[in-house]
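Numbering (numbering that gives the first Met the number 0) for the sequence shown: 0 to 355.
Among the hints, a few may not be true.
[What the hints assert, rightly or not] Taking CB as the label site, the calculated pair distances span: (1) H243 to E351: 20 to 26 angstroms; (2) K85 to G52: 44 to 50 angstroms; (3) K59 to T19: 35 to 41 angstroms; (4) S328 to A291: 19 to 25 angstroms.
[What the hints assert, rightly or not] List time: in silico SDA-like cross-link candidates among lysine to any residue, alpha-carbon distance up to 25 angstroms: (5) K218 to K59; (6) K10 to E323; (7) K59 to G118; (8) K88 to I1; (9) K14 to Y47; (10) K14 to K218; (11) K59 to K88; (12) K14 to A79.
Derived by calculation from the structure, the hints in this document are not laboratory data. Small disclaimer: the values here were computed from a predicted structure and weren't measured. For glycine and all other residues, C-beta sits at the position ideal for the given N, C-alpha and C.
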Amino acid sequence: MISYEIVEHGKPLQKAVRETPRPQGTEVLMRVTRSGVCHSDVHIWEGYFDLGGGKRFYVKERGCVPPFIMGHEPFGVVEALGPRAKGVKVGQKRLVFPWIGCGKCEVCKAGRDNYCLSGRRFLGVDRAGAYATHLLVPHPKYLVDAGGIDESFAATLACSAVTAYSATKKLPKLGPKDWVAVIGCGGLGLIGVSVLRTQGVKNIVACDIDPSKLAAAAKLGAKKTLETGGADAVQRLQAAAANHLACAIDFVGMPATAALGMGAIKKGGRYVICGLMGGELVYSLPMLVQRAMTVVGSHVGNLQELKEVVALAKKGKLKPAPVETRPASQAARAIGDLKAGKVTGRVVLDFEAVAA
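Model the full assembly from the supplied sequences, consistent with the hints where possible.
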């Protein structure tokens, strides 16, 4: 198989030729046709996540030791089955759920692999991922039929869409005057706007510092947009929501966006964070109580949530965010463009033209 790998953190990805794995037991070998590029890949490529206060979490502690294959938005074709793999057939196209847990702990048994307590097997994060022509999936149950959906868009459902969907499911009950802020209109935030619209939320204010991304958010259904540069951003966001900002969903996850979201929500409001840009939160504990605020973390999504997202996409209810398909050979460039903020929506790598 051919892959584009981290050989040294922070250095350009390198093309490699390796033996194609053979599925064992319940494993399924997928021939990858599309692989989405996520901002988390930038952090993994760099080798760490910023925990704030000068602290870092190094991905090598979770098994991401070079040479390593990233990629957690896989779509492809079933190429081979292990002897105990049932429920799919060779030649079928499937979307791959990447947030795979140990399968044995309490949360995995409850269908919440994304919250696995130990021994998780996240594809492209803890185990070899989809920046390659081939990918091993532990069990057929992690394969979802996304037939009828554009393959490049389908790939993005496995991370950006299911992450946004899971975050929006944590909204409080909204009244007719209530607004929801989408903070950050990158690949996550843009599909977040689209997901909110599928749930009947109309009062959406999209927040970003990039006018082009705000324009994309408006096309997807944001009623208002707000450039959030400047010291008065909190006050302007409150005004945009007529002081009825019930919830802010932070798709960036850095001190400035946390300050914006937590500062602008109304009393009793909710701040949901799923972005991983980095930093730490410093907030007055008495004010947390006096404002009756709820702070919620939301980490990717579970398999059932992905199936629900796919169903929305199949019915045409989920409007696609901008997706740019590039040849797989441009994987390194895609990472660089994403790090530099040059991507609106999602970049998806096309592996169909790569000789295996």
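Going through the hints against the structure:
no.	hint	verdict
1	H243 to E351: 20 to 26 angstroms	48 angstroms, violated
2	K85 to G52: 44 to 50 angstroms	49 angstroms, holds
3	K59 to T19: 35 to 41 angstroms	26 angstroms, violated
4	S328 to A291: 19 to 25 angstroms	53 angstroms, violated
5	K218 to K59	40 angstroms, violated
6	K10 to E323	23 angstroms, holds
7	K59 to G118	15 angstroms, holds
8	K88 to I1	23 angstroms, holds
9	K14 to Y47	22 angstroms, holds
10	K14 to K218	37 angstroms, violated
11	K59 to K88	35 angstroms, violated
12	K14 to A79	24 angstroms, holds
Taken one by one, the earlier hints fail for this structure at numbers 1, 3, 4, 5, 10 and 11, listed in ascending order.
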